[in-house]
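Using the sequences provided together with the hints, build the complete structure.
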Amino acid sequence: MSDEPEQLNSAVLRTQRLTRVVEGRTLIDEVSIEVRCGEVVAVTGPSGSGKSSLLRLLNRLDEPTGGTVYLDNRDYREIPPRELRRRLGMLLQRPFLFPGTVARNLAFGPGAHDEELAKETIAELLDSVGLPGYAERDVRRLSGGEAQRVSLARTLANRPEVLLLDEPTSALDEAAQLGVEELICRIIKSQGLTCVIVTHDRDQATRMAGRTVLLEAGRVVSR
Amino acid sequence: MLSGFFADTLQLGIAQAVISAVLALAIVYLARRNEIHLERETAVALVRGFVQIVAVGSILVLVFRGPSWTSAFVLLFMMLAAAATSARRARGISGAFVVSFYGIAGGAGIVIALMTVLGVIDPRMASLIPVGSMIIASAMNSVALALERFRSELAANVGLIEAGLALGAAPNQVVAPHVEAAVGAAMIPRIDTLRALGIVWIPGLMAGMVLAGSDPIYAAIYQFVVVAMIVAASGLSSVISTLLIRGRAFSAAEQLVI
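Same order as they appear, the protein sequences are chains A and B. Each residue of the first sequence is one higher than the last, beginning at 1 in the working numbering. Each residue of the second sequence is one higher than the last, beginning at 1001 in the working numbering.
Calculated from the structure, these hints are not laboratory results. If a hint is listed, it holds; no wrong ones were tucked in.
Ranges of calculated distance between the beta carbons of each label pair, as one might list FRET restraints:
| hint | chain 1 | residue 1 | chain 2 | residue 2 | range |
| --- | --- | --- | --- | --- | --- |
| 1 | B | 1170 | A | 206 | 30 to 40 Å |
| 2 | B | 1040 | A | 144 | 43 to 53 Å |
| 3 | A | 202 | B | 1032 | 51 to 61 Å |
Footprint (simulated), chain A over chain B, 3 or more residues, beta carbon under 8 Å:
| hint | region |
| --- | --- |
| 4 | 1151 to 1163 |
| 5 | 1167 to 1175 |
| 6 | 1247 to 1255 |
All C-beta atoms, glycine included, are put in the ideal place defined by N, C-alpha and C.
Encoded structure:
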């Protein structure tokens, strides 16, 4: 647990001196940021600055070696990891879809929590990401842009409170990049989602987020 | 032809070993001429193999003279040595030796004990140790294959596994296809052995029993019994070791740590 007393705060997500050191190398160095409800914050910085490491810590795919994260003023180490990851939905840089149909991928998250995803909900999710009628399509037949849209719908199927986006368009070609970026912006706005987006592209950060945090060598250098 | 020159079986054995080693070295020489360098590795393996098997033979002479319960210690020693060998396949995973040992002891140990109690394996040392060693050796190979395959499956599918975790799935759920692949890969050689039994492969035990004067039909049936026990032990060993190593692939906070 943190060595500092927890303070009640209106931020939905707050890191407190979050640190990760691996084999003597500091990836994240005492990062303290806040994300308020409905806010979109971009984390940007040069390659190797620790942007993706920070996002992995937020989703607790990696363990902090110092500091912690508060979700709704609760130390996230007190929250069971599966519940935490469901509440903090993360979209990875590459789609990494499970073999099978698009519908199977969308149902995966709720299924992991013993919930069934209704066909109507699958259809609505696919409509929202611009892929109507794709439910029974084999994921091997999707383009890169389509796969990332399915990945986004899969994350949204869990109804996360906060959306964590790790360079969501960087693995796509230029045409698909713009489409996916517009789609994400539209969904964030329409659903009023709280969002942390990691991007190396400063212009994209400006377009997508209301506020930008700049990381260098694992430290926040401007916000 | 050789037996005409040597009246003593020990001398005959040494002569046979020399001839077979020369044959192996001749193949190494041919490989070297084709720029495939195996000489050092093969020479070391030949010397090591010869010394080991002669040492084991000498120990068995002593063991066979002792009380029958000593066979349990011999089999336990074999399991420990087998665990050390298969654990090398899982370098980088903490506790690989323990996992391998539990796998081999749980698979081979249970099959040997059960089959001995049921009378399928003759409890006399001269039978129990050779048959037990065959079962342990196969379990060792299966555990090594399973651990190697599981580790490579995880390495090749980090993104997919973390995508599952990021969606709030349990580690056991996200690695289930990789557990299945690892156990399947470990079992394929054993099932192929069973399938090809007698057609492609006449195993040493059957040949030995026939040479020792047993009825060939009984020798054939007993060989099937041994291979079936090997399949059972290998299956159980690979399942136990893969499930145990699966638990070590994730931290308490359900993070992939391999």
